[in-house]
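All chains, please: the whole structure from these sequences, using the hints.
Protein sequences appear in the order of chains A and B. What the first sequence shows, in my numbering, is residues 1 to 363, in sequence order. What the second sequence shows, in my numbering, is residues 1 to 243, in sequence order.
Honestly, the hints are just simulated from the structure, not real lab data. Keep in mind that a hint or two might mislead.
[Said to hold, decoys possible] No more than 25 angstroms apart at the CA atoms, straight line, and that leaves these computed lysine to any residue pairs for SDA-like:
| hint | chain 1 | residue 1 | chain 2 | residue 2 |
| --- | --- | --- | --- | --- |
| 1 | A | K331 | A | A214 |
| 2 | A | K331 | B | L76 |
| 3 | A | K114 | A | L95 |
| 4 | A | K331 | A | L125 |
| 5 | A | K331 | B | V75 |
| 6 | A | K331 | B | E137 |
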Amino acid sequence: MSGIISEMDGREPEPEQVGPELVIAGFFVAGLIIIFALITFFKDQITGLGLLAVSGGLSLNNLPNLIPEQLQTFITLTLSLVVEGLPFVILGVLLAMLIRVFVPASVMMRILPKQRHLRRVGLALLGMAMPVCECGNVPVARSLISQGMSPQDVTVFLLAAPIINPITFLATWEAFGFARWVAVTRLVAALVIALVVAAGLDRLKRPEELLEPAFVAACRIHAHAQRVSRWREFLEGFQTELWLIVRLLCIGALIAAATQTIVPREVIVAIGSNMWLSLLSMLGLALVVSICSGVDAFFALSYANSFPLGSVVTFLIASPMINVKSLSLMKSTFNWRYLGAVVPVVAVLAVLVGLVVNMVVAK
Amino acid sequence: MRRNLLKLGVLVAINGYCLKLFLAGELLNYINPRYVTFTGVMNLLSLIVCIAAAIALVGRKLTVIEPSRHWWAGVLLTVPVVLVLSVGWILPPQPLTRSNVASKSLAELVANSNGQRLSFASERPEGDKGIAEWISELSGPVDEASVVSQPVDVLGFVHAGAKYQPNEFVLSRLVIYCCAVDATPVGLGVHEADWRGHLKEGSWVQVHGSFRNFGDAMRPNYILVPSSIEPLGQPGSYLYYKF
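Pasting the structure below:
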């Protein structure tokens, strides 16, 4: 990986060949599409156009009655995950491209501390500067690796940043107003777990082999490609990254929605009264339910009545780190070996934290 | 170039779908209102950048080089996005259904549950109490005489609930914290003997009646005792949102 990184350093931008006129043209075409969408939306009101009234769109309104309930639920859950995750992905890709194109790799390396552990804490704290959920962090992480960060360092960012961000912390603080220490525990545990996982990855002889070959190849292509204008590089990178991440987002959404529809939640939560089993069931729920880290505290609150608080803490720690949707997105950058190493460690540590909380609270 | 244009076409179609939901006010079927503007703005930005990239591609000012991978891997990765996109564009928004509610039956929040004041967004005029307002009122300290003396008129769907007696059901609404995936029933307990005989789980009903304290002064448990239960259709805006 270091070879790739060194090749990417020291590139000099060429004079711009394509400028903001493309963005202006984009605005124009986007305007046309919005007008088209408005016409579609107000087609009922456009009384003079009888043809529109008998168009296929209206008759489709009767379709839900013909679709089985389970399938309706599956469709709604899938679309809601995609619709909810997409803007964060777009924001993440935009940020990633801005970093990749406009912030030289040397600047990023200069800003962060040289000492390994301090650098990792710094990367985790980047979550405070980039308050996006786990979906948006993946493209940023890819950008950081392509700029020369090691997979271990970026792992700390990926795992901790969704929790160490002001929105997530304040939401947890507000939701657990009767036990505010939950918010602090969540934050500290996330940082510690991320550092432990990274330290574990340090022990591998060649951590760069944890990267997805297609991603490494893409880094090489970009490193060897002739430097074009920054606008062109931005457009190329945005298209490539968004295409990749959107496809994985859809796969993650389909898997998460299918799991939620097929496996009744009673199966997961019926064992909430047992301290040990409740930890495992909340961990299972964290894997299955792929909701945004910014609001998962409110969701978890609804389980605080039937589950020990430590088990809820396990959910709060594990969910942003290793939920199905996140893992699907992380697969864009890391291989199965990486996921196979990281997921069990995070799961065990999250359960351990929950267990300690349960024992302390029980006393 | 054709392949890259196709990819951009799919991305534009996805952004266009989200913008259509945004303009039609249909995003609320899927996400909490707090994300609506953000979703609209980000999809518009993405649409603009994708169209700009397409124009640059057609004008041969853009060269997108990607690492080669097996053709079948590309197809496998692309099928889900096309599937999701087709369903989204073709079908109108699907309501959350009884099966969805049933699968979440153990996660409900009900009035009296944990002593925390609960509040949800509601579109009712001030003074007109629906399920959200009653939950908010009953989840804090209340004057029993005042609660039991007020007439109650609330609309929700029938839900068996997790901790209720056989002669009780929960008159529920679904509350969304983030998106439809976390929709959780919230509701008021209703005392109705043999309700399963004439009410179907998941059906929408308007309940008139008043509260009675089935607990004691220290641990109150307010259950709605109906004077009438009237079956109704699902209202247009049937979801609550937590802010």
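Quick rundown of the hints versus the structure:
Simply put, K331 (chain A) and A214 (chain A) have alpha-carbon atoms about 11 angstroms apart, close enough for the 25 angstroms limit, and the pair holds. Distance hint between K331 (chain A) and L76 (chain B) is fulfilled; the C-alpha atoms sit about 14 angstroms from each other, no more than 25 angstroms. Our distance criterion of 25 angstroms between C-alpha atoms is met by K114 (chain A) and L95 (chain A), whose separation comes to about 24 angstroms. Between K331 (chain A) and L125 (chain A), the direct Cα distance comes to roughly 23 angstroms. Compliance with the 25 angstroms bound is thereby established for this hinted pair.
A distance of roughly 17 angstroms separates the Cα atoms of K331 (chain A) and V75 (chain B); the hinted pair therefore holds under the 25 angstroms criterion. Taking the CA atoms of K331 (chain A) and E137 (chain B), the gap is about 47 angstroms. The hint is violated against a cut of 25 angstroms.
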